[in-house]
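Going down the list, the protein sequences come from chains A and B. At position 101 of the first sequence the residue is numbered 101 (the working numbering), and the sequence of numbers has no breaks. If you want the working numbering, it's the 1-based position in the second sequence plus 426.
For the record, the hints were derived by calculation from the structure and aren't laboratory data. A couple of the hints might just be wrong.
[Claimed, not checked] DEER-style ranges, computed between Cβ atoms: (1) A:386 <-> B:578: 32 to 38 Å; (2) A:34 <-> B:812: 54 to 60 Å; (3) A:308 <-> B:556: 51 to 57 Å; (4) A:73 <-> B:707: 56 to 62 Å; (5) B:556 <-> A:234: 35 to 41 Å; (6) A:57 <-> B:639: 34 to 40 Å; (7) A:124 <-> B:707: 27 to 33 Å; (8) A:389 <-> B:518: 44 to 50 Å; (9) A:426 <-> B:672: 42 to 48 Å; (10) B:744 <-> A:73: 21 to 27 Å; (11) B:748 <-> A:57: 54 to 60 Å; (12) B:812 <-> A:374: 44 to 50 Å.
[Said to hold, decoys possible] Sample of chain B residues lacking proximity to chain A, with all beta carbon distances greater than 10 Å (derived): (13) 434; (14) 519; (15) 639; (16) 720.
A virtual CB, placed ideally from N, CA and C, is assigned to each residue, including glycine.
Protein chains: 2
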Amino acid sequence: MQEFAKMSASELKALESDLMKRYEEFKSKNLKLDMSRGKPCKEQLELSMEMFNVLKSSEDYITSDNVDTRNYGGVDGIAEAKELFANMLGVSTKEIIVGGNSSLNMMYDTILRALVLGVPDSEKPWGALPKVKFLCPSPGYDRHFAICEDLGIEMITIPMKSDGPDMDLVEELVSNDESIKGMWNVPKYSNPDGITYSDSVVDRLAKMKTKAPDFRIFWDNAYAVHHLYDEHDNLKDILAACKNAGNPNRVFIFASTSKISFPGAGVAMCAASEENINFIKKHMSFQTIGPDKINQLRHVRFFKSVDGIEQHMKKHAEILRPKFETVLGILDNELSGKGIAWWNKPRGGYFISLNTMEGCAKAVVSMAAEAGVKLTNAGATFPYGKDPLDRNIRIAPSFPPLSELKQAIELVCICVQLVSIRALLK
Amino acid sequence: MQEFAKMSASELKALESDLMKRYEEFKSKNLKLDMSRGKPCKEQLELSMEMFNVLKSSEDYITSDNVDTRNYGGVDGIAEAKELFANMLGVSTKEIIVGGNSSLNMMYDTILRALVLGVPDSEKPWGALPKVKFLCPSPGYDRHFAICEDLGIEMITIPMKSDGPDMDLVEELVSNDESIKGMWNVPKYSNPDGITYSDSVVDRLAKMKTKAPDFRIFWDNAYAVHHLYDEHDNLKDILAACKNAGNPNRVFIFASTSKISFPGAGVAMCAASEENINFIKKHMSFQTIGPDKINQLRHVRFFKSVDGIEQHMKKHAEILRPKFETVLGILDNELSGKGIAWWNKPRGGYFISLNTMEGCAKAVVSMAAEAGVKLTNAGATFPYGKDPLDRNIRIAPSFPPLSELKQAIELVCICVQLVSIRALLK
């Protein structure tokens, strides 16, 4: 392979013409392929169908501590679910709330509540301050950033490095600005970079001095057990690190079974210090009488243990691994050595993060869309939807069948090359 | 029966001594009976068990408009559920959001959202104002009042009359005070009075001039189809009345299947004008990717139609009616004609509202508790848990078996008489 930047204008033009032929051929097929969201595919949904058969007789609906899951009560979830998921997250059963089907909902509620009521350690509700800011390691999860935008929270972009966010910058900012109240993180198999935070990053987050006494880390551990390979990343326990550093209330941990059981009918959870959890529980007791306990019990009876969850995740990996490897293989074939694109090779999670030359991502995404391949909007992985270097593209390989995925990613590679050539010829 | 007030001191003392014997006898049984919450009983839960068998093969999890309920999406609920419950509430499918398992959660979120973001017609978020007040027809639902307390909203007690809240007072207050932003209502088989608002009350609520342009009626239609008898109350359509009055955005309607299917795993809904619904949907799309669509589909497949729901509610009535009639029979036997207590005879809902002589309710509830019968806290049916006349007791007959219920209510009647005698002897 030759680096594009070292090719002559006429060589580039000849290549452009070849690629345009491939592009037009593709376009003529009138395909409609969607790689925009991290959505499990049908085969993954089938893995958990037995969950709907684990509760049969009326007695099955009673928990081991004699709660009828069909009736009212239990604002923080059934004891058995708290035990299972506390084990999964490595916290105690007093440090967890098991809720409904959406961890995003829990995050949104946590921030909305903080705006109106504050958090433990707050001098006043966040909403009573002239400005509230969040640190946003980027590229990151677009729905996190959208919550801030909806609720009027100012976002500060933090560059992601290979082992997590740029901690020098984070430490400098939080130690000087008391309006910085929070920080988003997808610390394991990050969305979209697939990065797992290093122990040192976790420790620095736990230890750093913050000007705001009620600063909170939003730790969206969405891919805690979502490995693609037996050899997998390990994430340091941030709640323990925060306790050791004397900042036990600093972190809210979120997770869910959306990509373990069912995206539409999973179980979400929030873990934190007892003081944080008790504060949330107190206010939640005004918000609801309790979550869907039947669905929690289904999950417990189906998975049985953390080991059960881990075995189940291997079945997901069997389905996802070939898709990731297909994408990576095509990226490698089509783009490597050309000096026009870089991408990660994640060992888990749901995304491949493709970086083009500066200023090319939007053009690639729109060119792909024109030929029938929908990608996540360029820029979506940055605050306010604006990638300052316009180079990050999030690829979500999970949903399409392998055959469609191959076509789609091939097209993306054609677009990347075409846009790069045009940029170089300018 | 003789009116206690007309009895001599020695007659009252003799009666007191007889009643104390019955009370002590009761106490010696060491019973533990709970009539504190409007909780369906086990037999009611059994009525909907077939719901868990309506979805079998993977294809069953696909909606008629081809949505896989197991996967992500559909922030406002599946089309089939919107259709069923829009029909139940008499609104269009564009005027409803079908959500998770808790209508209380939807109410809390609606207020929390209004505090941070306002509602359509708001000049600024409610939380940006020095004070926000809600009107609270009382006796009313304690959990409504608790939401206001949790969120720092000042409550103004509005007396309940036999056809709904005192509308002269309501009209006067809302027309003069722009900090009054909302009003709670359980308009049908009200909690706890069992009153259904008259057409005239509904019309006046829809038409009245409010100083706040963004005033909202919170219409908790919790007992919309919860009749005890074939001949049942009818509630005028408030959304239509608001539209006719030129105030289409005035009302948020809430309902759920908590007392139709399962309290712990039902389906909740919010209905309102399209403008209100679109505002909520917009912000909900940042809060969650969607509710548990599988559970919504289960409900649709099980109930099939509004007629299906109505037939199902007759089975609930078969179980509840004897309980209500038992309570009413004992109240009648033990207390009528004595001039010490008055109660309603509801045709639906979940409660019987018992009013003692002024200043007696707390003493009755605590005396009953001492003998092993737990009632809703006296005062709970009023803002801040304070019944100004200390006379209202909420009786929830649904949960205990009939035999326990008989004992419990008999004890309550003994306590009412004892406390009344002591008050008269003072």
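Evaluated hints:
1. A:386 <-> B:578: 32 to 38 Å: About 36 Å separates the Cβ atoms of residue 386 (chain A) and residue 578 (chain B), which means 32 to 38 Å holds.
2. A:34 <-> B:812: 54 to 60 Å: Since residue 34 (chain A) and residue 812 (chain B) have Cβ atoms about 57 Å apart, the given range 54 to 60 Å holds.
3. A:308 <-> B:556: 51 to 57 Å: Check passed, 54 Å falls within 51 to 57 Å.
4. A:73 <-> B:707: 56 to 62 Å: 30 Å, violated
5. B:556 <-> A:234: 35 to 41 Å: 51 Å, violated
6. A:57 <-> B:639: 34 to 40 Å: 55 Å, violated
7. A:124 <-> B:707: 27 to 33 Å: 31 Å Cβ-Cβ, so the 27 to 33 Å window holds.
8. A:389 <-> B:518: 44 to 50 Å: 47 Å, holds
9. A:426 <-> B:672: 42 to 48 Å: About 59 Å separates the Cβ atoms of residue 426 (chain A) and residue 672 (chain B), which means 42 to 48 Å is violated.
10. B:744 <-> A:73: 21 to 27 Å: 25 Å, holds
11. B:748 <-> A:57: 54 to 60 Å: Violated, at about 26 Å.
12. B:812 <-> A:374: 44 to 50 Å: 58 Å, violated
13. 434: 48 Å, holds
14. 519: Correct as stated: the minimum Cβ-Cβ distance to chain A is 20 Å, above 10 Å.
15. 639: Answer for residue 639 (chain B): holds, closest chain A Cβ roughly 21 Å.
16. 720: 4 Å, violated
The structure fails hints 4, 5, 6, 9, 11, 12, 16 (numbered hints given earlier, in ascending order).
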